[in-house]
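Sequences and hints are given; from them, build the entire structure.
Here is how the chains run, residue by residue.
Protein chains: 4
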Amino acid sequence: MLFRQIFDERLAQYAYLIGCQATGEAIVIDPERDIDQYVKIATAEGLEITAVAETHIHADFLSGSREFAEQHGVKVYLSDEGDADWKYEWVKKGNYDYTLLHDGDTFKIGNIELKAVHTPGHTPEHIAFLVTDLGGGADEPMGMATGDFVFVGDLGRPDLLESAAGVAGAMEPSAKRLFESVQDFLELPDYLQIWPGHGAGSACGKALGAVPETTVGYERRYNPAIRTAITGEEEFVDYILEGQPEPPLYFARMKRDNKLGPAILGTLPQPRLLTARELVKLSGRIDIVVLDTRLDRTAFMAGHLPGSVFAPLNKSFPTITGSYVEENAPIYLIVEEKNLDEAVRSLIRIGLDHVVGYAEPDALLVYDETHGKLNSIEEVKFDSVKAHQNIHDVEILDVRGISEYKEGHVPDALNVAHTRLLVRHDELPSDRRLLVHCGTGARASSAASLLARLGYPVALVNDEFENWPRIGELVTGEPKLATA
Amino acid sequence: MLFRQIFDERLAQYAYLIGCQATGEAIVIDPERDIDQYVKIATAEGLEITAVAETHIHADFLSGSREFAEQHGVKVYLSDEGDADWKYEWVKKGNYDYTLLHDGDTFKIGNIELKAVHTPGHTPEHIAFLVTDLGGGADEPMGMATGDFVFVGDLGRPDLLESAAGVAGAMEPSAKRLFESVQDFLELPDYLQIWPGHGAGSACGKALGAVPETTVGYERRYNPAIRTAITGEEEFVDYILEGQPEPPLYFARMKRDNKLGPAILGTLPQPRLLTARELVKLSGRIDIVVLDTRLDRTAFMAGHLPGSVFAPLNKSFPTITGSYVEENAPIYLIVEEKNLDEAVRSLIRIGLDHVVGYAEPDALLVYDETHGKLNSIEEVKFDSVKAHQNIHDVEILDVRGISEYKEGHVPDALNVAHTRLLVRHDELPSDRRLLVHCGTGARASSAASLLARLGYPVALVNDEFENWPRIGELVTGEPKLATA
Amino acid sequence: MLFRQIFDERLAQYAYLIGCQATGEAIVIDPERDIDQYVKIATAEGLEITAVAETHIHADFLSGSREFAEQHGVKVYLSDEGDADWKYEWVKKGNYDYTLLHDGDTFKIGNIELKAVHTPGHTPEHIAFLVTDLGGGADEPMGMATGDFVFVGDLGRPDLLESAAGVAGAMEPSAKRLFESVQDFLELPDYLQIWPGHGAGSACGKALGAVPETTVGYERRYNPAIRTAITGEEEFVDYILEGQPEPPLYFARMKRDNKLGPAILGTLPQPRLLTARELVKLSGRIDIVVLDTRLDRTAFMAGHLPGSVFAPLNKSFPTITGSYVEENAPIYLIVEEKNLDEAVRSLIRIGLDHVVGYAEPDALLVYDETHGKLNSIEEVKFDSVKAHQNIHDVEILDVRGISEYKEGHVPDALNVAHTRLLVRHDELPSDRRLLVHCGTGARASSAASLLARLGYPVALVNDEFENWPRIGELVTGEPKLATA
Amino acid sequence: MLFRQIFDERLAQYAYLIGCQATGEAIVIDPERDIDQYVKIATAEGLEITAVAETHIHADFLSGSREFAEQHGVKVYLSDEGDADWKYEWVKKGNYDYTLLHDGDTFKIGNIELKAVHTPGHTPEHIAFLVTDLGGGADEPMGMATGDFVFVGDLGRPDLLESAAGVAGAMEPSAKRLFESVQDFLELPDYLQIWPGHGAGSACGKALGAVPETTVGYERRYNPAIRTAITGEEEFVDYILEGQPEPPLYFARMKRDNKLGPAILGTLPQPRLLTARELVKLSGRIDIVVLDTRLDRTAFMAGHLPGSVFAPLNKSFPTITGSYVEENAPIYLIVEEKNLDEAVRSLIRIGLDHVVGYAEPDALLVYDETHGKLNSIEEVKFDSVKAHQNIHDVEILDVRGISEYKEGHVPDALNVAHTRLLVRHDELPSDRRLLVHCGTGARASSAASLLARLGYPVALVNDEFENWPRIGELVTGEPKLATA
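Just so you know, the protein sequences line up as chains E, U, D and P, in that order. Just so we're aligned, residue 1 is where the first sequence starts under the working numbering, counting upward by one. Just so we're aligned, residue 1 is where the second sequence starts under the working numbering, counting upward by one. Just so we're aligned, residue 1 is where the third sequence starts under the working numbering, counting upward by one. Just so we're aligned, residue 1 is where the fourth sequence starts under the working numbering, counting upward by one.
These are computed hints drawn from the structure, not numbers from a lab. One thing to keep in mind: the hints can contain errors.
Heads up, the list lumps identical chains together, so a pair's fine if it works in one copy or across two of them.
[As the list claims (entries may be wrong)] Below, in silico cross-link-like pairs of lysine to aspartate or glutamate (EDC-like), each with a Cα-Cα straight-line distance of 20 Å or less:
(1) Lys315 / Glu45
(2) Lys373 / Glu45
(3) Lys40 / Asp362
(4) Lys338 / Asp34
(5) Lys315 / Glu336
(6) Lys40 / Glu278
(7) Lys87 / Asp97
(8) Lys40 / Glu342
(9) Lys338 / Asp36
(10) Lys338 / Glu45
(11) Lys75 / Glu278
(12) Lys315 / Asp362
(13) Lys381 / Glu473
(14) Lys40 / Asp368
(15) Lys281 / Glu70
(16) Lys40 / Glu337
(17) Lys281 / Asp36
(18) Lys176 / Glu187
(19) Lys373 / Glu326
(20) Lys40 / Glu9
(21) Lys315 / Asp341
(22) Lys40 / Asp341
Encoded structure:
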């Protein structure tokens, strides 16, 4: 048996390639959509991917299962658990070779057996896979691919159904289902390896560790959520629903598409290289989105194409693009050629497929010389915020999450989480200048670019919020503008 | 003024980027079809390409002018010289911004003036461009982009019209027109730089030097063809038509497409990554072409996908693919991912756009393990050729050019130039084994793969022909099979 | 806690980076000698490596502990178990910050505790490390770094002390000690993760799996060696000593140097680029070694620098170079520049530090044109072997391992394992031509190059041994030349 | 004949590789010190470099001739013209194969003849090389490698002897010698190609064009300096000495070392990777130099290792490092690994060989977390300059060149060119805060870092000087602090 854990650092997502060397066959569990990454690894190991499986309908990325089925004709294994709202619809519509799994169902990849275990909670249809290396002489499983059920030191959050998918009242029942799943989990043997669907950095859990694997026995002993589940249901439900971070808005879209079937890519979108002259045609338009992927915040503020969004190609890229780009909007990138592939992959992994064109940052200079002025956004420090506090034509906008805001904020600051600005910006005044801040300037940079794009007069507070208490009063409590 | 000579080593082709730094504008003369290469260079220099020009209707690669016009809306400058058969047709049909040039016409790129000079011979409509740096204070030209008129130490061959485009009786009139063009060239001032369209390695001339630029005065003194033209027309015509190498067959297609307009690419074709299983579907098919780009001849002979053509990704790649792949055939590549872009660019530059899929060489191993046997072709040395000479079921096939064959060959060897096998293979016996040789084994390797693909029983003589005289008799004279 | 398993594919070696994010400290267990690889990973994770530890005195690669101590002043944790022959000597001689560990000793890296467990068998001083994430709230260990004690599906071989280090009569006592260590291992809780020192491909065990981690409980159930240990000591000793592959000869050197202290590198050796002219000075010399790292066997045989050794830069590179290069010999490489770093790292990892110069393969062509002829080695197939069998001036040399030979070989074939040729070649006749074969041609290619270097007349049987039975008689039994 | 112009974009320097394909020999004219770059190109072309030549004792980079002679035993061709102060000393001291050339001397590389032509002016010993392709049948030269004599559109400045080498009163005699050399140049035939030693961007001339080559005839017509030389000596001397930019101070060192012999490198210096802990030992020290090569000015100002110099790895890198780093100072780099080779090459090309260690930028974060605070330098805009103008404890420091200063500056601003700060900083007040500006913030960024390193209280005016006139008064005239 060959086992490979494949990590997407930006989404903190783990896929698993499991292959039988005797027959040359392999399966991928929870593939991302750019499936060539898995084919390359398998081929280099002398294996062929003949099947894919999903643990559940993902909310944070689009699944590659349909792409695999369409391109390579692989067999697809999906959950048939959960109620009517949680059925994979796409797989029944094409000419796919698929099996819908119920709790206890097994299938084989070469001499390796996979067994589905229904583990609802994070989602109703969630299954995990027990993997048994029959070819290696085993008759008990080696490990369990747990998807978003059990993470290293955490559990998959059961509130997404309500907070992201918008199903009111779903949180508590989900938490109770998760409680039951944990009880079953506790029946598993201690020695079993746990192969989770996410690692540190994901928005799918609150305390994911930077250790890639764990075991049933270790989690039984030290996973705080599981420990609470041992105590009792009520304690567990309280514990698990408390303080979960706000999920990005694009999660709802992922759910929908993973159910109905993500569009077939075939190959990656291949944006066309643009010249400065073509940037003219994109300048200031809001029916398309220009994503400026440069890392340097100050360089962006000093000069960027009018209407462009600051989306630095770092770990926040999926969150920024998933929250700031409207579905189906044609996307143009300001990106260095060497980073283009990486940017495109990040976008299509969350369903932003219409990547039409790109220009290298140098083209902005040609634009500026030849065709028109670049936009700029003023940068200020928190001492300017203090200075402006009593001036009527200025508002302070805090784009941190509501929980951060409540713990301490600038007096009279407005609050809209940066991930919700796209849908909530009209709650903001448009006749006064907005001084936009967050905790470090990172989120505020992107937020300021979005507000400028939408026509608001803005300045960026490019400063650490921890400097504020030395400058002005820190107040606690509810925001002036309510969050969703 | 900014001047950049841009070399395509595989086609030995020079394009020129000439820009005016004062206005930020630039022109490309004789661009290839994958125009992003020029846009990147221009952008990095702070320039925008606003125009393209062609010296003539190229025969050895597809021009990028139409692509530029379509994608970036640049102005196009083309020749309107030559008779009705030599008119650019595509430019009149689209909504293009173009100017058709006659001898003496001038236009400007920023503060740089280009002047068309009609220089027929290589082709009837051929023009060259005199470039004057008005912005630099000059009122005389700095250099001349000569296309396929004057090379360093050679002239563009006037026989292609007949030998490649198939216009019978065209050679001598063309040679005479070239003679006249040379007379005009000799009127130009000695100091003028000459910027040719090809360097060493191209099939467009017979003795191209490995020096990238020259001057009128130097060529007047030392260019053997020009020296002969100084002697007299008759001597020149004899000289220039003698011993030109056979042009690849795909040249005719290039002429046609450059006239009618190469298809618009938009972006490069993006072949899909295939798994071993999908190779099964390609195995042995002759309605598609699998090009195996590995460099190692022996590895190919030891095991390759049935029906695949050996097309190592070296300098011979355009000749092999241009001669062995039928127009519009869907193309699949066996190629390492890191070389994929290079392979695709090489293909589209000669109009082979249908690059549908690719697999990495490792996938052949998976195929061999799992799905079926790879093909092999036996390798022998010239001593085996000797041993087989009197055996009835074997023929020796010499795939060198006819002039090489005439100078000395194996007794009774058949001769078809490897570049003509695709159209002439039915002249070969199919009931006897063909021992295929060339001068070194390089051309014979690809030829043997093609013949195996077409169903002929073959073995490769992987040996240096210079070893033959020590082994057997060397005879001279005409081939048993006539060349076209 | 941050956990990273770092794999060297060529040596199938795992090092472990374990860090405490709260304090920014990290440790590396079993580092290789080119320690920059670990520093880069740690730095990117925001950690600083402040300590290193070793599980035992390695035999298959040089440890990076001393390098770490010398360069970065890190704390060193080493075993003080085992008898006087198995003491780390280097650490006491420098000005190092070190702790010698006995069974049960603990130390901390930030909030992570490591506990040494004496696990003799593979070597007398072998320890494993139990890792407890105190900062994560645990009071029991998460996993055990087992070094060469427990692998996934195997145990570290206890015969190396005798077979590689040359301690006669050591095998059985070592096997018994290993039996005891396994008994202690069986006391550990099932849930514990096992982080082994080697994966599939290493010469340190016989059946290593391609799964990177395992657990105590799983190994208890399915590790065949451990299963046998549960049965009884006698069965275990028989089992564990049977059929272990012959260790490469360089293992003895590794043991010595890891004990006395590997030389300090500071930075990687940086070979100088050579021109063809300088290759002349290297041609045919046996006081230096030219390693030709090209992958293409046939290309090497067709032309190589006289005296050079065929050492293709694939997974066999450490075995070939460790067996064919004499200690302290100045090394020159024929290598493409892009692979130079990889080749140098592979060499220094096994103590071949004197990498003086390199030339690119193209330089061989210049050499051949300008300075002298390249050598060639004839390639034959097994049918030639058959044809030569009764000819007096030819001997057939089988360079496979003795166990392979015994299972079936060509009648009258000599046998010396290719890894022992350097010390045993004078057992071979030098007045007759040697036809060198192995199972596939891979080992024989390198062996033939070594024999040619040493002055023997050779030809390479570049063929699969599985073809032999169709051609000639297959006999079993002892070799004509005894192995060591 | 093979001809290759090899460009170092950072130093705007051209070397020339000229080879004879018939004999496989090649020469490099004016090589840089990292000679592997030329060996690689030659080897790929099937050539061996057997000789090197220099046009003159370079002032802006260290020559690679000695390195070539030492490493590869090539023949060296150097000028023996000029007086006793301008003799190459190194070549006579080793066991080198060399020829000292006088005007008219010829030598051959294969079938190519080179002829030395004494062309004093830029320097007294300056020679140019006429290159004749005898093998190509020529008996007159094809081109002239003119070194720093004739550039495209300019001449090599004759003032360096005085302004950089410090020989008082040398300017005018040099200019007259140059005048004479130009007269001789005008005797050359128009057709001759001119291959200059520098292109656009070099400090060796004032108006270098972005065209890589030219001809005698074109320069005769349009080179303004040559045009003036045609008018008369007096006009020429006035013209050529007027307005030459101040040469960097390190030029004097280059002259000395190119005469006495640059140190032998053997291989490139190989700095050791440092951890954050080791940065502690470098913090604040002025006996070593830490060069921070990040491109992002604002990131450096926000946090950098105390004492480090801002030296972004762009085209200004040689000027900054050549002006800010004291000879023989041990150098440490903050640099991304992928740029390390490029940074090291740039340093050794100007004789900064003691590159001891490097850390990746991420290590600064680890340092900041674990070991100590990074330094910061405040950034202000010109409006703050205005606000501070009348405050006693602040001085405005303009680090532009004196000619820029004279054309318009902030009232009462001090002036020291940034390239002279290292030797002139004690002219500055150390008890008042210095607001450091230049034209764009680029030069001022590096200058501010140097001043902070030297203990001055500084702030950076990160603003365009063209904004100043809208804010405050622009005055002209001499600086308060005189330049050297």
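For each hint, the structure was consulted:
1. Only between protomers do Lys315 and Glu45 lie at most 20 Å apart by alpha-carbon distance; the minimum there is 13 Å, versus 29 Å within a single protomer.
2. Within a single copy, Lys373 and Glu45 get their C-alpha atoms only as close as 52 Å, which misses the 20 Å cut-off; across copies the closest is 19 Å, which meets it.
3. In this homomeric assembly, Lys40 and Asp362 come within 20 Å of each other (Cα to Cα) only across copies, at 9 Å, whereas the closest approach inside a single copy is 33 Å.
4. Proximity of Lys338 to Asp34 under the C-alpha cut-off of 20 Å is found in both arrangements, the shortest distances being 18 Å within a copy and 17 Å between copies.
5. For a Cα distance limit of 20 Å, the shortest separation of Lys315 from Glu336 qualifies both inside one copy, at 17 Å, and across copies, at 19 Å.
6. With identical chains, the CA atoms of Lys40 and Glu278 are at most 20 Å apart between copies only, with a shortest distance of 14 Å across copies and 36 Å within one.
7. With identical chains, the CA atoms of Lys87 and Asp97 are at most 20 Å apart within one copy only, with a shortest distance of 17 Å there and 55 Å across copies.
8. Within a single copy, Lys40 and Glu342 get their C-alpha atoms as close as 16 Å, and across copies as close as 19 Å, so both meet the 20 Å cut-off.
9. Within a single copy, Lys338 and Asp36 get their C-alpha atoms as close as 18 Å, and across copies as close as 14 Å, so both meet the 20 Å cut-off.
10. Taking the shortest Cα distances, Lys338 and Glu45 sit within 20 Å of each other only across copies (18 Å), while inside one copy they are farther apart (27 Å).
11. Taking identical chains as interchangeable, the C-alpha atoms of Lys75 and Glu278 lie at most 20 Å apart only when they sit on different chains, with a minimum of 14 Å there against 44 Å within one chain.
12. Taking CA atoms no more than 20 Å apart as the test, Lys315 paired with Asp362 passes between copies only; the shortest distance there is 15 Å, against 24 Å inside one copy.
13. Taking the shortest Cα distances, Lys381 and Glu473 sit within 20 Å of each other inside one copy (15 Å), while across copies they are farther apart (27 Å).
14. For a Cα distance limit of 20 Å, the shortest separation of Lys40 from Asp368 across copies, 17 Å, qualifies, whereas the shortest one inside one copy, 42 Å, does not.
15. For a Cα distance limit of 20 Å, the shortest separation of Lys281 from Glu70 across copies, 15 Å, qualifies, whereas the shortest one inside one copy, 37 Å, does not.
16. Proximity of Lys40 to Glu337 under the C-alpha cut-off of 20 Å is restricted to the inter-copy arrangement: shortest distance 9 Å between copies versus 22 Å within a copy.
17. Taking the closest pair of Cα atoms, Lys281 and Asp36 come within 20 Å of each other only across two copies (19 Å); inside a single copy the shortest separation is 34 Å, beyond that limit.
18. With identical chains, the CA atoms of Lys176 and Glu187 are at most 20 Å apart within one copy only, with a shortest distance of 18 Å there and 37 Å across copies.
19. Proximity of Lys373 to Glu326 under the C-alpha cut-off of 20 Å is found in neither arrangement, the shortest distances being 26 Å within a copy and 42 Å between copies.
20. In the homo-oligomer, the alpha carbons of Lys40 and Glu9 lie at most 20 Å apart both inside one protomer (18 Å) and across protomers (17 Å), since each shortest distance falls under that limit.
21. When the C-alpha separation of Lys315 and Asp341 is checked against a cutoff of 20 Å, the pair qualifies only within one copy, where the shortest distance is 15 Å, while the shortest distance between copies is 28 Å.
22. Within a single copy, Lys40 and Asp341 get their C-alpha atoms as close as 16 Å, and across copies as close as 16 Å, so both meet the 20 Å cut-off.
Of the numbered hints listed earlier, the single one contradicted by the structure is hint 19.
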